[in-house]
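**Student:** Go by the hints and put chain B onto chain A.
Here is how the chains run, residue by residue.
There are 2 protein chains.
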Amino acid sequence: MSANSEIEESLVLAPKFDADGLVTCIATDAGSGELLMVAHMNAEALRRTIETGEAWYFSRSRKALWKKGESSGHIQRVVEMRVDCDQDAVWIKVEQQGAGACHTGRRSCFYRAVPLRQTGAVALEFRDAEKAFDLRAVYDRK
Amino acid sequence: MSANSEIEESLVLAPKFDADGLVTCIATDAGSGELLMVAHMNAEALRRTIETGEAWYFSRSRKALWKKGESSGHIQRVVEMRVDCDQDAVWIKVEQQGAGACHTGRRSCFYRAVPLRQTGAVALEFRDAEKAFDLRAVYDRK
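Going down the list, the sequences are from chains A and B.
First residue of the first sequence? That's 1 in our numbering, and the numbers climb one at a time after it.
First residue of the second sequence? That's 143 in our numbering, and the numbers climb one at a time after it.
Since the hints were derived computationally from the structure, they do not count as laboratory data.
Covered stretches of chain A (in silico footprint by chain B; criterion: 3 or more residues with CB under 8 Å from a CB of chain B, positions within the stretch not fixed):
1) 12 to 24
2) 32 to 41
3) 123 to 132
Derived DEER-like restraints, expressed as beta-carbon distance ranges:
4) Trp66/A with Lys158/B: 14 to 22 Å
5) Ala279/B with Ala137/A: 52 to 60 Å
6) Thr194/B with Val12/A: 37 to 45 Å
7) Leu207/B with Ser5/A: 19 to 27 Å
8) Lys67/A with Ala206/B: 34 to 42 Å
9) Ala279/B with Lys67/A: 45 to 53 Å
We put the CB at the ideal spot given by N, CA and C, even for glycine.
Same shape as in the complex, but just chain A (with noise of 0.2 Å):
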């Protein structure tokens, strides 16, 4: 086998880090499974999260490990998890707790279509994207 099938046919979990230390994580909703949010994970992110069954997170803008609704208490309870052929993306299937994944008070992060087949300037349509939860009543609640 060549290096790269020996990656693609390895039963050794082996995450290829990029150059700031991170895979990306694709979260989708176990019951319906609608793509909620994209996000990154560090070794210790992953970590917590194979161990917790908990997803863990890491931002990119905060430089800050995170767990999944540690102020909203929307966690992401994880069903499932998958590794992609050359392990740079995990794929967890979730149970979302509470309203919605997304932090403008959606379900999902991806409440915007593009329309497609045209050229030119493209104006973005909303689409499922009613607010599932208050974000007030979420995160000022202290």
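**Tutor:** Structure of chain B alone, referenced to chain A:
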């Protein structure tokens, strides 16, 4: 509105490319909802995907634009495209032509599961890992 909420509620397509000029792209099967692959798009790949309705990506390893299926015939017809709240990720729902999205011969790149709620060394488990097509028949046919 804050600068962030202006971006989040805007209907202007304004992708937030990273230092390498890329956004993350998640491709799911438009029929089953299954996660097929995670890849990247630069501005040109994004433009071509929007204009043609077929998936174009940018290969980080080959540093080159590529059309999905250009060598395998396994083109992805895009049924819907969405962007996430901060526009650094794109989700495409595709009709996968041919047998699969993964270059290893599988339908999806995510054919190995990571056991959860355990500590120490992790052994992956094949899941949905049967090969959907014969690599030699697809890539060595010239």
